[in-house]
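2 protein chains.
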Amino acid sequence: MSYAQFLEQMGTVNDLLCSASMLSWDARTMMPAGAVEVRGQQIATLMTLARTTLLSDETLRRLEAAERSTRDLAEDSAERRAISQTQYAIALHKRIPDELQEERVALREVSRAAWVKARAEDRFEDFAPYLEKVVALARRVAESIGYEQHPYDALLSLFEPGETVVSLDKLFGRLRESLIPLLRAVQAKPQVRWDFLERDFPEDAQRDFGLKMAEAFGYDLRHGRLDNTVHPFEISFTREDVRITTRYKRNYLPASLFGTLHETGHALYEQGVDPAYTRTPLATDMPGMYAVGGVSFGAHESQSRLYENHIARSKAFWDLHYPSLVAAFPSQLADVDAAAFHRAVNRVQPGLIRVEADEMTYDFHIMLRTEIERDLIAGTLEVKDLPERWNAAMKSDLGLDVPNNRLGVLQDTHWSTGQIGTFCNYTIGNVMAAQLFKTAVETDASIQPGLDEGNYAPLRHYLRETVHQHGRRFSRDELLLKATGRTLDPEPYIEYLTKKYTELYELG
Amino acid sequence: MSYAQFLEQMGTVNDLLCSASMLSWDARTMMPAGAVEVRGQQIATLMTLARTTLLSDETLRRLEAAERSTRDLAEDSAERRAISQTQYAIALHKRIPDELQEERVALREVSRAAWVKARAEDRFEDFAPYLEKVVALARRVAESIGYEQHPYDALLSLFEPGETVVSLDKLFGRLRESLIPLLRAVQAKPQVRWDFLERDFPEDAQRDFGLKMAEAFGYDLRHGRLDNTVHPFEISFTREDVRITTRYKRNYLPASLFGTLHETGHALYEQGVDPAYTRTPLATDMPGMYAVGGVSFGAHESQSRLYENHIARSKAFWDLHYPSLVAAFPSQLADVDAAAFHRAVNRVQPGLIRVEADEMTYDFHIMLRTEIERDLIAGTLEVKDLPERWNAAMKSDLGLDVPNNRLGVLQDTHWSTGQIGTFCNYTIGNVMAAQLFKTAVETDASIQPGLDEGNYAPLRHYLRETVHQHGRRFSRDELLLKATGRTLDPEPYIEYLTKKYTELYELG
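Going down the list, the protein sequences come from chains A and B.
So that you can map any letter, position 458 of the first sequence is 458 in our numbering, and since no number is skipped, the others follow by simple counting.
So that you can map any letter, position 384 of the second sequence is 384 in our numbering, and since no number is skipped, the others follow by simple counting.
Bound conformation, chain A alone:
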């Protein structure tokens, strides 16, 4: 009984967090503009009550009773992991003082506004004082959390538990060493044709095609919906209600096409969690600081990347579905065949903007930002020197000159809102996606034939079995170890990119 009572208490915490997420979804999709301020208060109240409930004596009492009653279960049983996740979250919340949390919230409002203005006017120097405060606060958060080697490790633990400056240095070193020669080889080749991607693609038809593919992948619309936002995202309020958004560019088809299927990958993760974990600490729908401790942001990103890149950008996918895309856009694609379309949506084209980057160059944007964060937190890089550092890296990695800070260091919102430590998740997602996908097709002989004929169930079942169903029960590396026999390993990713671009650009 006592474990059930503990879960009941955590169900209240989950309801509060999911309600806050619901209010946040509405704020980004439906809410009239004039309600911004009061909505912020409502969300803050729900988050405060979630925190108060989590840290209450009642929770502690039930937690201790649950711990006693589950002591004979395996360490990695769902019960004991739910308990240890909760203990971890409580400890973390207790380590970060209320006033520090309040300072962060207060700073976020003003620094984001300063960033919006500074970006519009291309005046980095106006944003710099705010960024200095953001960095100083992040350092204090790191000190509160604690770390062994590097303060940045503490911030990483909030998003990608287990990852450190040392492990990332090693990962990035290996990626640079293999991807830079590959990129140079691609750049030496003539560009593939892609002009037709910029024709006029009416939004409704884009939506219909994207949604049809999302459903083919297994996205269940009885428990989901697709909306339109400037910044696409996936969000869930339990596995029973998992929503995605996308952005339609009428004159650039890939934006919504791959955006929708990227978010579908996230959504399949949420919809695939064991129903028994709903409203428990093992559910994956715990926003904010409650998300740490279990599975990582990188693990979540691995699912979106897997569906976006390994499936939706594959030759098999377009060989099969291109006729139906042509049916949706008959005049726009009249002069393009499946092979040309597949090449176009996989073209490599180094650019200044992260969110527009192709699969080959995306990680360079990430490594640049992660290393800057690391050095800012370490104090070996000063905010004022950021543009210089940024521009030098863009030149050395991608060979690009950055004409102004709007297209450079001011392009992302993350730092202005106090998010430091979370860029690396994207690259870890790429690496993990390749590692899982390789093992998947090697392990289950029905997966690749399924993909070839448009039956996505075998892949989905494999991912549900190995990743989705577990929710936050296992860590990222535990999942990888069980599924692939190895912890995070960049070799399958390097292998995948090398093979892909060697074929596409007919490299030696």
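These are computed hints drawn from the structure, not numbers from a lab.
Built from N, CA and C at the ideal position, the CB exists for glycine as well.
One or more of the hints may lead you astray.
Facing chain B, according to a computed beta carbon distance under 10 Å, are these residues of chain A, among others [as the list claims (entries may be wrong)]:
#1 Ser-19
#2 Thr-29
#3 Glu-37
#4 Val-38
#5 Gln-41
#6 Leu-107
#7 Val-110
#8 Leu-221
#9 Arg-222
#10 Pro-232
#11 Phe-237
#12 Arg-243
#13 Ala-457
Since the structure of chain A is provided, determine the placement of chain B on it from the hints.
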């Protein structure tokens, strides 16, 4: 300081209630069907936390301190009224035992399902046992709340404080005595032409026209939005976010036309509340049992009825706006002029269904239901005798034969969900609307000229001044007394209907 601390605590309660309303709006407009059950849990958690917070020792402490610090203010000052509203809500919650509340929630689920089935199959006898339980529980609620004369008075106090069996008997007597002869006189006249209302009216154009009129009335879309639902409603999450919904019938124009402007009336009330009352006990956005004690459901309905009937069904409105309706539906309305349209949307046509009733016969549907509720609670009417009683009243009041219970006693969802005591609000809304509107045009000489030329600001300012801005500070009769010099008075309503239908049907 202590009053501010009390308000801070009540702000948390308001945030929880508004969040619950937000989740409820989403459930009725956007939510995927598969999320029904878990959404119910989330809303229940928020409502429970609101109640727990309201009844907490902390609230009591702050309430007592606030009371001490405001003792020298006037009894009807905002501060003292906020305090007394809170005391009333606390007392009420304490009087209704938890287990009774839980029994009601549990019964609601099963009885609503039984009603849906019984209605579909036209088997009142299958619903009767559930209705008996609903009535028995309502009696227990009435006993818990307490009353002086009649148990039904206790239930009325939840929705229309101050109203009693005695006062309603008197009101209904006066309405019947004057409206039945008027109705008979109308029925003796030939019907006006209205066939053109059933032509094909595309939804988008209906929406555009309705929204344009709503904005003309003063509905502020920076703090609102209009959506489409089967059952139209208005809901707010503070005055900064006041949403309405409507229902489009492609082959019956009045449904969305007047539905939208009805909900607009509700929305103007919410948007007009003093901003200083936001997140306080004087805000009007407190759903469920927190809504009692201040202004009444009838007062809210008076604003929707005023805009729907006194404005949007008026001759002045159609003389002015009919050309723009014709511009929206040129072929559909080619052979109809403004006068004919005005007559058609005001035609009297006794029917079996309350929600389709015209302005003249609507109150008969309400009086019938209210009197049945009263007698059920008193025990002078048994559930099994309900159809007979219903059908006899439809015959004597409206001269109609009820062919089956689907079109009779089974038509409304209210009783199946345990709502008893709330039908009378509609008629009180009608009465109050006429009383306020009469005084408005008599008091402010700029109102009628404004209405004639499409300037709705003078009316809105008058209603804001006399009603909206006060939120829940004054009772319905206090508002009426200040505005009109009288408490609720049916004479202006009778006068209005008599004048209107005498003209429309050219009665003697």
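Evaluation of the provided hints:
1. The beta carbon of A:Ser-19 is positioned within 10 Å of a beta carbon in chain B (closest approach about 5 Å), and the interface hint is therefore held.
2. With a least beta-carbon distance of about 8 Å to chain B, the hint placing A:Thr-29 at the interface is held under the 10 Å criterion.
3. With a cut of 10 Å, the hint placing A:Glu-37 at the interface with chain B holds, because the nearest CB-to-CB distance is about 7 Å.
4. For A:Val-38, the suggested interface contact is upheld, since its CB lies about 5 Å from the closest CB of chain B, less than 10 Å.
5. Among the interface hints, the one on A:Gln-41 holds; its C-beta lies about 6 Å from the nearest C-beta in chain B, closer than the 10 Å criterion.
6. The beta carbon of A:Leu-107 is not positioned within 10 Å of any beta carbon in chain B (closest approach about 22 Å), and the interface hint is therefore violated.
7. Because the closest C-beta pair between A:Val-110 and chain B is about 21 Å apart, greater than 10 Å, the hint is violated.
8. Look at A:Leu-221: its Cβ gets to within about 6 Å of chain B, closer than 10 Å, so that hint holds up.
9. Given the 10 Å rule on beta carbons, the hint for A:Arg-222 holds: about 4 Å separates it from the nearest Cβ of chain B.
10. Interface restraint check for A:Pro-232: the shortest CB-CB distance to chain B comes to about 17 Å, outside 10 Å, so the restraint is violated.
11. Interface restraint check for A:Phe-237: the shortest CB-CB distance to chain B comes to about 7 Å, inside 10 Å, so the restraint holds.
12. Because the smallest distance between the Cβ of A:Arg-243 and any Cβ of chain B comes to about 8 Å, under 10 Å, the interface hint for this residue holds.
13. Hint on A:Ala-457 is violated. Least Cβ distance to chain B is approximately 19 Å, over the 10 Å limit.
The structure shown violates the earlier hints numbered 6, 7, 10, 13.
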